[in-house]
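Going down the list, the protein sequences come from chains Z and H.
Okay, so the first sequence: first residue is 82 according to this note's numbering, each after it adds one.
Okay, so the second sequence: first residue is 82 according to this note's numbering, each after it adds one.
Each hint should be verified, as a subset may be incorrect.
[Said to hold, decoys possible] Label pairs and their calculated CB-CB ranges:
| no. | chain 1 | residue 1 | chain 2 | residue 2 | range |
| --- | --- | --- | --- | --- | --- |
| 1 | Z | K366 | H | F84 | 34 to 44 Å |
| 2 | H | A118 | Z | K366 | 49 to 59 Å |
| 3 | H | L152 | Z | A86 | 46 to 56 Å |
| 4 | H | D130 | Z | H514 | 16 to 26 Å |
| 5 | H | R467 | Z | P174 | 44 to 54 Å |
Bear in mind the hints are in silico, worked out from the structure with no lab data behind them.
Quick reminder that beta carbons are idealized off the backbone N, C-alpha and C, glycines included.
Number of protein chains: 2
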Amino acid sequence: MTFIAPLDAMFLASETREHPMHVGGLHVFRLPPDAPADYVHTLYRQLLDCTELAPMYRRKPAWPGPLLGALRWVDDDDVDLEYHVRLSALPRPGRVRELLALVSRLHGGLLDRHRPLWEFHLIEGLEDNRFAVYAKIHHALTDGVNAVRNTMRMLSVEPAGEVRALWSPSPRPALPLDAPAAASADTLVRAGALAKNIAGLVPTLAGVAVKGVRDPDAVLPFDAPKTVLNRPLTGARRFAAQSWSIDRIKAVAKEYDATLNDVVLAMCSGALREYLRSSDQLPAKSLVAAVPVALPRTDGDGNAVTMVLSRLATDVADPIERLRRIQASMRAAKDTMGGRTPLQLSAIGALTSIGPSSLATVPGFSAAAPPPYNVVISNVPGPRDRLYWRDAELEGWYPVSMPIEGQSLNITVLSYGDNLEFGLTGCRRNVAHLQRLLGHLEDTLATLEAGAARPSAARTMRPATTSMRSSGTKRSRVIPASTEAS
Amino acid sequence: MTFIAPLDAMFLASETREHPMHVGGLHVFRLPPDAPADYVHTLYRQLLDCTELAPMYRRKPAWPGPLLGALRWVDDDDVDLEYHVRLSALPRPGRVRELLALVSRLHGGLLDRHRPLWEFHLIEGLEDNRFAVYAKIHHALTDGVNAVRNTMRMLSVEPAGEVRALWSPSPRPALPLDAPAAASADTLVRAGALAKNIAGLVPTLAGVAVKGVRDPDAVLPFDAPKTVLNRPLTGARRFAAQSWSIDRIKAVAKEYDATLNDVVLAMCSGALREYLRSSDQLPAKSLVAAVPVALPRTDGDGNAVTMVLSRLATDVADPIERLRRIQASMRAAKDTMGGRTPLQLSAIGALTSIGPSSLATVPGFSAAAPPPYNVVISNVPGPRDRLYWRDAELEGWYPVSMPIEGQSLNITVLSYGDNLEFGLTGCRRNVAHLQRLLGHLEDTLATLEAGAARPSAARTMRPATTSMRSSGTKRSRVIPASTEAS
Numbered sequence: 082m083t084f085i086a087p088l089d090a091m092f093l094a095s096e097t098r099e100h101p102m103h104v105g106g107l108h109v110f111r112l113p114p115d116a117p118a119d120y121v122h123t124l125y126r127q128l129l130d131c132t133e134l135a136p137m138y139r140r141k142p143a144w145p146g147p148l149l150g151a152l153r154w155v156d157d158d159d160v161d162l163e164y165h166v167r168l169s170a171l172p173r174p175g176r177v178r179e180l181l182a183l184v185s186r187l188h189g190g191l192l193d194r195h196r197p198l199w200e201f202h203l204i205e206g207l208e209d210n211r212f213a214v215y216a217k218i219h220h221a222l223t224d225g226v227n228a229v230r231n232t233m234r235m236l237s238v239e240p241a242g243e244v245r246a247l248w249s250p251s252p253r254p255a256l257p258l259d260a261p262a263a264a265s266a267d268t269l270v271r272a273g274a275l276a277k278n279i280a281g282l283v284p285t286l287a288g289v290a291v292k293g294v295r296d297p298d299a300v301l302p303f304d305a306p307k308t309v310l311n312r313p314l315t316g317a318r319r320f321a322a323q324s325w326s327i328d329r330i331k332a333v334a335k336e337y338d339a340t341l342n343d344v345v346l347a348m349c350s351g352a353l354r355e356y357l358r359s360s361d362q363l364p365a366k367s368l369v370a371a372v373p374v375a376l377p378r379t380d381g382d383g384n385a386v387t388m389v390l391s392r393l394a395t396d397v398a399d400p401i402e403r404l405r406r407i408q409a410s411m412r413a414a415k416d417t418m419g420g421r422t423p424l425q426l427s428a429i430g431a432l433t434s435i436g437p438s439s440l441a442t443v444p445g446f447s448a449a450a451p452p453p454y455n456v457v458i459s460n461v462p463g464p465r466d467r468l469y470w471r472d473a474e475l476e477g478w479y480p481v482s483m484p485i486e487g488q489s490l491n492i493t494v495l496s497y498g499d500n501l502e503f504g505l506t507g508c509r510r511n512v513a514h515l516q517r518l519l520g521h522l523e524d525t526l527a528t529l530e531a532g533a534a535r536p537s538a539a540r541t542m543r544p545a546t547t548s549m550r551s552s553g554t555k556r557s558r559v560i561p562a563s564t565e566a567s
Numbered sequence: 082m083t084f085i086a087p088l089d090a091m092f093l094a095s096e097t098r099e100h101p102m103h104v105g106g107l108h109v110f111r112l113p114p115d116a117p118a119d120y121v122h123t124l125y126r127q128l129l130d131c132t133e134l135a136p137m138y139r140r141k142p143a144w145p146g147p148l149l150g151a152l153r154w155v156d157d158d159d160v161d162l163e164y165h166v167r168l169s170a171l172p173r174p175g176r177v178r179e180l181l182a183l184v185s186r187l188h189g190g191l192l193d194r195h196r197p198l199w200e201f202h203l204i205e206g207l208e209d210n211r212f213a214v215y216a217k218i219h220h221a222l223t224d225g226v227n228a229v230r231n232t233m234r235m236l237s238v239e240p241a242g243e244v245r246a247l248w249s250p251s252p253r254p255a256l257p258l259d260a261p262a263a264a265s266a267d268t269l270v271r272a273g274a275l276a277k278n279i280a281g282l283v284p285t286l287a288g289v290a291v292k293g294v295r296d297p298d299a300v301l302p303f304d305a306p307k308t309v310l311n312r313p314l315t316g317a318r319r320f321a322a323q324s325w326s327i328d329r330i331k332a333v334a335k336e337y338d339a340t341l342n343d344v345v346l347a348m349c350s351g352a353l354r355e356y357l358r359s360s361d362q363l364p365a366k367s368l369v370a371a372v373p374v375a376l377p378r379t380d381g382d383g384n385a386v387t388m389v390l391s392r393l394a395t396d397v398a399d400p401i402e403r404l405r406r407i408q409a410s411m412r413a414a415k416d417t418m419g420g421r422t423p424l425q426l427s428a429i430g431a432l433t434s435i436g437p438s439s440l441a442t443v444p445g446f447s448a449a450a451p452p453p454y455n456v457v458i459s460n461v462p463g464p465r466d467r468l469y470w471r472d473a474e475l476e477g478w479y480p481v482s483m484p485i486e487g488q489s490l491n492i493t494v495l496s497y498g499d500n501l502e503f504g505l506t507g508c509r510r511n512v513a514h515l516q517r518l519l520g521h522l523e524d525t526l527a528t529l530e531a532g533a534a535r536p537s538a539a540r541t542m543r544p545a546t547t548s549m550r551s552s553g554t555k556r557s558r559v560i561p562a563s564t565e566a567s
């Protein structure tokens, strides 16, 4: 018997049908050249033979209800592996479109609290000699960053002879991850919960937070416009994913003297502007993004992140000017962080971003009040090496994240090899055309590239049209923009 | 806006993650001989074009929560048909085993209360040139018998040129159903809810019920032994299905001067006895089945059914003696019904069977108290004609029913054409080897046939071994006994 930590318990206690509290990952693998027709089926049988489970994959709440269930874990001494490990297939023609439709459905369902809180779906029938894995795990067991680390256990940098299961007990490998220049929103939700538990800190830090945002480029929570993205959440999900070459994004960042993350935010900004504009829903005021930022770790292995709010400048038509404004807003947000300890900054993050959003659990609140921000955009460091699962190369690794009440869209970006892997997870009702964002992301990047390709473009800031595309730039897209989830 | 009737509201108010309140149907179709490879995909696209919906398929609760949600229906003016109508595929090798595994999963998930309460799954990749449909609908909208009638709307007795959608508005066809010799448990659950709402009737009828069961062959509720089938319910489901030729069952019934339903009960009894015996869990006392029985309709189109309790004689080793005891128990149960009005009998059914089981919603009750009965066995009249959906022949039609708290297994039998279609729906945890029941059902029937084939077998009642099988008897099994859901 193990007591559940208060942060983790929060995810069990607050889960509803509208708000499943799990995170997921979609992995696209290439079949080895000589793979037999029953490759995936054989893999499935081999996985079912991996009956030894690490503690996290055996735990279940002692009582399945939401409140008592949050008190303690018990070990399931009779794990029904065939329940957790599932073999699925895509209907014809087996495009990425069919894959995203299936993942959207699988991500919307609640995990069964009578069992350990995870599922692992092996998916065959993906065109072009590929197959996929969609895995989901309850947020009470792990956050998104740790889920990435755990997934590393089944992968290797060279093709291997035997299969490793996600749930097998094994030492956690050394992490060939990118530097922690950013962090996931998941981690911050957890840090926010911690801050709320340290009640004595709250009045002091509230003062700090308000003082810290006097800068005109900085953003206060609840200063965001009301949009379709901030309606009450429903339970069904929509998921879209695509890879972009890090080289392309780095080249743009270098040209405009911006960070990689600034360019990612500018891509999201352009995509959201076009998405809302095309349905006449673009607010006059700029959208505000909540962006988790990692802090230097001073105290061991714990979470040390804060959340900054950034204006996305969606009220600006020119994409280069938008990037400039985002740079200024991010710089202002980071400046307010100077001189503070990681604990203070964690608490500021919680107060300015996650704290207010807990009000959204009051029925009707998110329908009536202005949102604290409009969208969460996370940038999670992933492995730099190309990886393999047994003898199948991992082509794409897309985070499938968790929209929260009043925040119907989550954009999480994971670095893997030479790519940035974008995973867009939305409420099926409130983000009805989620897949269009993929095309808009590409168009925005291409426009920034085109602007950069012109001499002195960065300085003269002439507007670039969105129909222009650069050519001759290295592109790496595992999932083409023309595919979409239904 | 429409107020929700109290009976229907009960199904919304009492739904939990452990106890989804929907009923389903699995339909197996044969592809026409000249079907192109994209036949099912084309069918799916055509169904998405059927955007006009009958009222039942547009309704959703005005508020998605369980209590307020039970007050009134609203029309969804923007039904997202791609959410409700889904195209899936079976993984290789596409056997019935893979089909049952998929249906088990789909039946375990809750319907989304933010949308009209139904799903329609088109499933391709079934071996032997077949495809399948699994449809589910909330019990607040319809009971199992009405669901069968509604499904008739999309079917025809001859191959048709164009596709009809389940949800399209159309007049309900005349019902080529078998005589109402039996009724579904679903209907009785609804009748039971009605009885509970007529509070004044309860004390009077409780006296009637107790008086009515003085016969030694009759069974009182809570006289059933405690078994693994009566543990607290969990949310995941297991489904198995198989067809048996009505001619085979009729021949056995004729030989022993029994009813068709007596033989169905004897098959279930033999199967349950073997299932429990093989895992050393067979109780010394006989299992008790709750069997819905239809009453003559005296007052229009409403429900007129009662529930009788029958001893299954699982404590008796000889299958022919078991059939005799079941006959006696059913006769005694029906005798107690003589002279009562349909309303009184509905109320007796509720009090003796459904009423007590509502105690099972008290946490821990079903874990501690003896169960009111052990298993629900329903026999639902279906169409006598072979039917078609567009140009695809309907080969099998299996009810996917609703286990209730403390009753982890539901066996519902639907007559279709020359077959009885058995659908076994169980709690995945409590009925861990559900699929074995299919083999045991066949073995029991074969043993009864073998006994009948011997001269005077019915009179001398020599024990027949379960390993014997009749030969030369017409068998019609769309789904072979060797397949099973994982």
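| task | Just pull the numbers of the violated hints for me, sorted ascending. | result | 3, 5
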